[in-house]
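**Student:** Sequence:
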Amino acid sequence: MTRLQLNSSASVLNLHDRIVVHSDVGTFVLEGRDADALLSDVMPLLDGSRSAEEIIHDLPAYRAEDLRGVLESLTRCGLLETSDTDERWRSRDRFFQTHSHNASLARESLRGAYVLISGLEPWGAVAATELAEAGIGGLHLVDERPVCPSDLLGARIWRPRDLGRGRARSLAARLARRAPWTRFTTSRRLPASITHVVGALADDDLRAARGLAAWAHAARLPSVFGTLRGQQAIIGPVFRPAATAAACWNCCRLRLLANLEHPQDIQALHQRLLAGDAAPAGWSALPPAAGLTGHLLSLEVLKLVTGCAPGQADGQVLVFDTLTQEATRHTAIKLPWCEVCGGASKAVIGRGPRPLSSASTAGALREALAGWVDARTGIISRLVAVPPQAGGPWRAEALTSGYADGRYVPAYASGGSGKGTTEVEAMVGAAAEAIERYSASQYRRSNFRRASLKTLGDDALDPRGLCLYEAHQYEQPEFHYAAFDPDREYDWMQARWLHTGEPTWVPALLALLGLETRPEELFGQVTSSGLA
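Each residue of the sequence shown is one higher than the one before, starting from 117 at the first, in my numbering.
Hints are supplied without guarantee of correctness; some may be wrong.
[What the hints assert, rightly or not] Restraint-style ranges between C-beta atoms, simulated for each label pair:
1) E170 x R293: 52 to 62 Å
2) R580 x P357: 22 to 32 Å
3) L402 x L175: 49 to 59 Å
4) I382 x D603: 36 to 46 Å
5) R293 x S562: 50 to 60 Å
6) R272 x A308: 47 to 57 Å
7) A358 x R293: 18 to 28 Å
8) E169 x G280: 57 to 67 Å
9) Q441 x H215: 18 to 28 Å
Note that these hints are calculated values from the structure, not bench results.
Cβ coordinates follow ideal geometry from the N, Cα and C atoms, glycine included.
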C-alpha cells in the first residue's frame, strides 16, 4: 500500500482568500472559502502513515472526488511523495514525478538499462559515476589505458594508488563500493544485453569513435557522444535507430569539419588518426571543464534512457563554452554517403511537411532551415539579406561550406543569391540556389560508368541533341572545348526521365558542377541553370 507524505521541502502559506503550498519543485494554489478548512484537515494526515484511500476514509466530511483532486494536484506539483521511497532516491524520484509522463516507467527504464561507456577520459569517468549514483542498472566500461596524473585532476573518483592501473577495472572497483545497486562489467567481449551506447573518448580518438558509432548503428542501439574540445564541451549527436533521416556521429564530424578553416588540412589529420598512423593527443583544459562535460553527458544519457525530459534532437550537437558559458545547438544534415550509417542515399526518408511555405519572418525561416543553414554544421554557413534601395527588391546572399569529405573546396558551389519582394523571399531564393549548386557538386566516381555512347546505345542520352557549340567553333584554335565523339569513353551517371521515370545514362559533365575531367572530354559548358 502506497502511503503519502508531504515533501520535506514544502511550506504552506495562508493568504486568507487562498492557500499556497510551495516546494523546490512546484507550487499548488487552492482557492475558495473552504480551502483553509480543507487543507487544515488534510495536512496533518500527510505524515506517511496513510494511503490516499485511507485519507479519504478519515475525512468523511468532504467529497471523495474533491479530496482525490487535491491529492492528485499536490502529487503533480511534486509536493507529495510516497513514504516507502528509499531516502537515497527521494530527490531523483521527486524529479521523475514532476517532469516525466510516467514516473514509475522512468524508474524501471533506469533500473533496466545496461549502458556501454567507451572511453574513460575524465568526462567519461564523471559520467559513469553520475549514472551509477543515479541508479542505473548496469555499466559496461571499456578503456584499457592506464590511469594517468591528468585523470586524477579531471575526475575526483580516481585516487593516487590508481595510477598505472587499467581505467575500466579500476573505476569499476571504485564504483562498485559506492553504487552496489549497479552491475559493473569490463570484459573485452561486449555483452549481448547492452541497451545504450555512450562514447566519451578524447576528441581526436577518431578511430575508436568511428568504430563505436558503426557498432552501435549495426546493433541498432541508441547512442550519444560527448567530448571536450579545448574549452568547449561537445555533447552529441544523439542517434536513435528509428530516426533513419538523422545524422550519425560521422555525419556530424564531417559537417563540422567542412565549416572549419583549411578543411583539407584538418581532413588530412583526420585520415591519419582514423588509419591509426597518429596517436590521440589527449585533452588540455581547466579541470572543472572536464567534470562539467561529464555532467552534461550524463544528463543527456539519463534523458535518453528514461525519457524524463526532452533531450537533444537526433543529429544535433550541443556546444557549451566552459569559459564564457555560452551554449549553442547545431543540427547536422545527413551526408549523401556515410561509411557509418550509409548516408541519405541508403536511408528511408519520407516526405515531411513544407515549413518554408509557412515561414513569414527571417527568424522563422532560419528555424525551418536548421541544419541547412548553420555556421558550424550547415551546408550554408552564412545567409544574409540586404534591404531594398530606391524601390528595388530585397537581395540575399548565401555562402556554402566546404565539401563534407574535406578533399576539395567547391569552387562552383561557393554560394547563391536571391531576390524577392520580401526579406524571406530573397533568403529562400539564395538558400535554394546555394543548395542546388552544392548538391550538384557532390558526386562519387564509383557511381560513374566509363563508356562510349556507341557502347551504351539507346540506354544513354545523346548529348549531340542538346544545345552545344557549332562545329566551326570546335575547330577554332585554342578553343576551350572539344567536340563530342561517340567513340570516345566519357563518365556517365544514372538519371531518370521525368515523364516516364525510366532510367537512362547521361553525361556526368552536364549533370554536375565542378567535375574534374580531361580537356579532351570537355565538350560543353557547365552551368547550374535548370539543375534543380
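**Student:** Confirm or reject each hint.
**Tutor:** Against the structure, the hints:
no., hint, in the structure
1, E170 x R293: 52 to 62 Å, "40 Å, violated"
2, R580 x P357: 22 to 32 Å, "49 Å, violated"
3, L402 x L175: 49 to 59 Å, "57 Å, holds"
4, I382 x D603: 36 to 46 Å, "43 Å, holds"
5, R293 x S562: 50 to 60 Å, "54 Å, holds"
6, R272 x A308: 47 to 57 Å, "33 Å, violated"
7, A358 x R293: 18 to 28 Å, "38 Å, violated"
8, E169 x G280: 57 to 67 Å, "60 Å, holds"
9, Q441 x H215: 18 to 28 Å, "23 Å, holds"
In summary, the structure is inconsistent with hints 1, 2, 6, 7 from the numbered list given earlier, while agreeing with the others.
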